[in-house]
Amino acid sequence: MVSISSNNQKQQLLSKIATNDGHGENSAYFDGWKAYANDPFHQTENPNGVIQMGLAENQLCFDLIQEWVVNNPKASICTAEGAEDFKDIAIFQDYHGLPKFRQAVARFMEKVRGDRVTFDPDRIVMSGGATGAHETLAFCLADLGDAFLVPTPYYPGFDRDLRWRTGVQLFPVVCDSSNDFKVTIKALEAAYEKAQESNIKIKGLLINNPSNPLGTILDKDTLRDIVSFINSKNIHLVCDEIYAATVFDQPKFISVSEIVEEMIGCNQDLIHIVYSLSKDLGFPGFRVGIVYSYNDTVVNIARKMSSFGLVSTQTQHLLASMLSDEIFIEKFIAESSERLGKRQGMFTKGLAQVGISTLKSNAGLFFWMDLSRLLKEPTFEAELELWRIIINEVKLNVSPGCSFHCSEPGWFRVCFANMDDETMRTALRRIKNFVLQTKGHNNKATINKQCSRKFSKLQISLSFRRMDDFMNSPAHSPMSSPLVRT
Amino acid sequence: MKFLSKKATCNSHGQDSSYFLGWEEYEKNPYDEIRNPKGIIQMGLAENQLSFDLLESWLAQNPDAAGFKRNGESIFRELALFQDYRGLPAFKDALVQFMAEIRGNKVSFDSNKLVLTAGATSANETLMFCLTDPGDAFLLPTPYYPGFDRDLKWRTGAEIVPIQCTSSNGFRITESALEEAYQEAKKRNLKVKGVLVTNPSNPLGTTLSKQELELLLTFIAKKQIHLISDEIYSGTVFNSPKFVSVMEVLIENNYMHTDVWDRVHIVYSLSKDLGLPGFRVGAIYSNDEMVVSAATKMSSFGLISSQTQYLLSAMLSDKKFMKKYVSENQKRLKKRHEMLVRGLKKIGISCLDSNAGLFCWVDMRHLLSSNTFDAEMELWKKIVYEVALNISPGSSCHCTEPGWFRACFANMSENTLNIAIQRLKDFVYSSARDSDIQNHQHSNNTSPKKKSFSKWVFRLSFNERQRER
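For the record, the sequence lines run as chains A and B. Using the working numbering, the first residue of the first sequence is number 28, and each one after it goes up by one. Using the working numbering, the first residue of the second sequence is number 64, and each one after it goes up by one.
If you're looking for bench data, these hints aren't it; they were derived computationally from the structure. Please read these numbers as outputs of a predicted model, since none were measured by experiment. Ideal placement from N, C-alpha and C gives every residue a C-beta, glycine not left out. Please note that a few of the clues may not be correct.
[To be verified] BS3-like cross-link-like pairs, simulated, lysine-lysine; straight-line CA separation at most 27 angstroms: (1) B:Lys250 with A:Lys43; (2) A:Lys331 with B:Lys69; (3) A:Lys459 with A:Lys138; (4) B:Lys69 with A:Lys43; (5) A:Lys228 with A:Lys209; (6) B:Lys394 with A:Lys114; (7) A:Lys459 with A:Lys369; (8) B:Lys397 with B:Lys382; (9) A:Lys358 with A:Lys127; (10) A:Lys114 with B:Lys383; (11) B:Lys386 with A:Lys114; (12) A:Lys459 with A:Lys422; (13) A:Lys247 with A:Lys213; (14) B:Lys387 with A:Lys114; (15) B:Lys132 with A:Lys101; (16) B:Lys132 with A:Lys114; (17) A:Lys43 with B:Lys249; (18) A:Lys43 with B:Lys286; (19) A:Lys376 with A:Lys331; (20) B:Lys286 with B:Lys176; (21) A:Lys114 with A:Lys101; (22) B:Lys305 with B:Lys169; (23) A:Lys127 with B:Lys91; (24) B:Lys176 with A:Lys61; (25) A:Lys279 with A:Lys114; (26) B:Lys101 with A:Lys114; (27) A:Lys114 with B:Lys382; (28) A:Lys331 with B:Lys444; (29) A:Lys221 with B:Lys69; (30) B:Lys91 with B:Lys101; (31) B:Lys386 with B:Lys132; (32) B:Lys387 with A:Lys228; (33) B:Lys91 with A:Lys331; (34) A:Lys138 with A:Lys213; (35) B:Lys254 with A:Lys43; (36) B:Lys409 with B:Lys101; (37) B:Lys91 with B:Lys387.
[Stated by the list, open to error] From chain B, some residues computed to sit far from chain A (all C-beta separations above 12 angstroms): (38) Asn252; (39) Lys408; (40) Lys444.
Work out the full structure: start from the sequences and follow the hints.
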């Protein structure tokens, strides 16, 4: 008997969460990855393919890690040297985590902050990546309908991580290029007021420092102001410091933990840090997320919630060993910073040569590129149109600013740490050629960051697509990998 | 303004329950053969520690999987970068084949319908997020695993309504119990979205009969609701009857082209069958593509470490080894189970007849001072503090009848198990003596029932002693 139950009826049997768009995968951010997945660049096998520049991965230092793994067989519970630990590790499911793992993570976090702060290993709580950490904190700090302030532009994943299953809202604090997208207390106060007026209960402020997508860090004064702000409003501060060790240039990174330690009268119960090893060490596959809270109740509850996303003990064991090798870690952090700095420098200088400006940044695995003067008009439709060209004709997957909720059209996030040198040179060549071609059709415009509002008269024939076409493409898994293809 | 969320300040995490309190006592005073021979023996932890030697020897013989290598080449980098929530294809393929093998290959599974999660804990919560809105209810037969209170209800806002099962029929699920639970939910104004069963059962250690499975399918067909079958112990069936998966019954009873097909979902994990709880390997299997799609996206909150996926894909694909492992593991479980059942029988304590799991459902009703849960708690405290055994009281599993306890047997050495049984023996005999002395002293005041109760215990133990001689 074939059931004629319609999709609608079927949907009613599932939850609202399962059938809404809260997973965020219909956003443009993920859409470009489809183009890459269908036609991925390969040096020899597909030299005209799409180069992936939309994935913030750190692939520059695997040689160092690999060398360490080979020289430290005991760190793996499966090698002859490490096998005696297999049983104890495989059996261990305590959500406190392996003590040596927590100690090693705390120590590593201290090192990344130049040993200017101390972290208590007993406050280290595991989670399923930073993804899990954010959701857990939202569950702990806010009820259905409550909101978090978040400065724009911000990482698109926050829409899913903080809102999807929790029912919590995100309320944007709009930042713009007039002051290099810096967060100001004025903007925070304005957003807070606006939320009050709309009867939206603000439970906290979420900041990403260093910032994704900007690649910039917060200076001490701003951090202090932010901490004072949340104290005065008695709201929480969630600081995502996932890119802490990717800082490659001055000024040096200042963590909120430094403010907490030095500020008198700061209510520590309001401060929570999200961390992960996915960016700093380049291990997204190992799913190591950390919630570090100065609030005892939150530590306690988040730890209970960590049952839903514990780190595999096999991985805890390996990383406990690796992170406690202080000599190796110091060398790694320094070398990684240098390679990232060099990479970023090559790209941004290369782009400057053809008049493309980028936001001055000193951290992250990407830079924030200003293509506003290449837009037909200063609208998001034009941004997406340009983006389509960049993907389909220039064959680069970069991420359009609108997917980061940027308030100004024309900005793009470009990742640079997920490819080898040769690919990087190819990508740079392609962007340069595209810009020069475009320039060739225009009148010469003044290359002035402040005048990004001026739009050029593009006469390139565009393969025009309706916005609907790319905004509503079917949800799919964004990440492709050689391991899936083999 | 409230500081933290309601979820953070309520106790729906369930960890104030006695199930977890017993663990706390154990943590303070854990038994160790040499260093703390008087400590508390942990019998409240359903772990499978019997077959690690087999896994260890496999590792020794398979250095590639162990050392992040494929054909001698390092794939560390690829693994470290692999965060695709669809999971490692080789691992999923191996896992579904393993699942089919456990079910005697009577069913086959499609790896595209499998979603990987960080343990069954995450799988169960994820399914609830997919199938229920806050306030909706799932029906669960009692007694059930205490962790469900947290996994199914805490962050999802879902409710559990019990399907009352009793010892009168070996705690089997009946049609009337199902219907009663459904009506109870209705009375409480709760929308029932499905039934969740654990098969084999925790804490009972029994497998669901074909009749029970058919009854469940008829029920969910009629009510147009879901069925979740948590089959985490499916590889631990050591005696007949053989394990019958709900998938098998679905196919045999021609549900394949009905809408019921899409409403049955299986949860699995390697924590019990392979004894690897630390590795956090769970899975959801569903025929409903919307569930698979939503659950896959949700798995981002709890993916399995790629390092672990790789190791296990190699191990599970070694079919010869896995077959040997499963069969040997079952033999060892059977032996342990018999040890415990026999040992308890000798001291007049019976267990529910069971053929699976890592524990026995022990009947200590006759040792209660009264047929109440207070008396059960009283007895439990004695067992934890005086006998120094951490076993789980039935009330923590929401059992409707006081006096039942779950005792695990696969997480300790044979020696330790014998010591545990000996301790219980001493306790039963001394209790009998004490209550008899008490009776003697207060013979005018005690109720006749209580008098005969303790007399029976004493007589029983006395008889045992005579037989031993």
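Open item on the list: Please check whether the beta-carbon of B:Lys408 is more than 12 angstroms away from every beta-carbon in chain A.
Closed with: 30 angstroms, holds
Open item on the list: Checking one constraint from the list: CA of B:Lys250 to CA of A:Lys43, max 27 angstroms. Satisfied?
Closed with: 24 angstroms, holds
TODO: Beyond 12 angstroms from every chain A Cβ: check whether that's true for B:Asn252.
DONE: 18 angstroms, holds
Task: Distance restraint between A:Lys228 and A:Lys209, which requires alpha-carbon spacing of 27 angstroms or less - done: With Cα atoms ~24 angstroms apart, A:Lys228 and A:Lys209 stay inside 27 angstroms; holds.
Open item on the list: What's the verdict on B:Lys397 and B:Lys382, does the C-alpha distance respect the 27 angstroms limit or exceed it?
Closed with: Status holds; Cα separation ~23 angstroms.
TODO: Could you grab the alpha-carbon distance between A:Lys114 and A:Lys101 and see if it respects the 27 angstroms cut-off?
DONE: 14 angstroms, holds
Open item on the list: What's the verdict on B:Lys387 and A:Lys228, does the C-alpha distance respect the 27 angstroms limit or exceed it?
Closed with: 59 angstroms, violated
Task: Pair hint outcome, B:Lys132 versus A:Lys114 [Cα-Cα no greater than 27 angstroms] - done: 22 angstroms, holds
Open item on the list: Next pair to validate is B:Lys387 with A:Lys114; report whether the Cα-Cα distance is within 27 angstroms.
Closed with: Roughly 19 angstroms separates the two Cα atoms, so the pair holds.
Open item on the list: Check the hint pairing B:Lys305 with B:Lys169 against an upper bound of 27 angstroms on the C-alpha distance.
Closed with: Between B:Lys305 and B:Lys169 the Cα gap is close to 12 angstroms, so the pair holds against 27 angstroms.
- [ ] Would you mind confirming whether the straight-line C-alpha gap from A:Lys43 to B:Lys286 stays at or under 27 angstroms?
- [x] 20 angstroms, holds
Open item on the list: Tell me if the straight-line CA distance from A:Lys358 to A:Lys127 falls inside 27 angstroms.
Closed with: The hint holds at about 21 angstroms.
Going down the numbered hints, you'll see the structure goes against 3, 19, 25, 32, 34 and 37, while the others check out.
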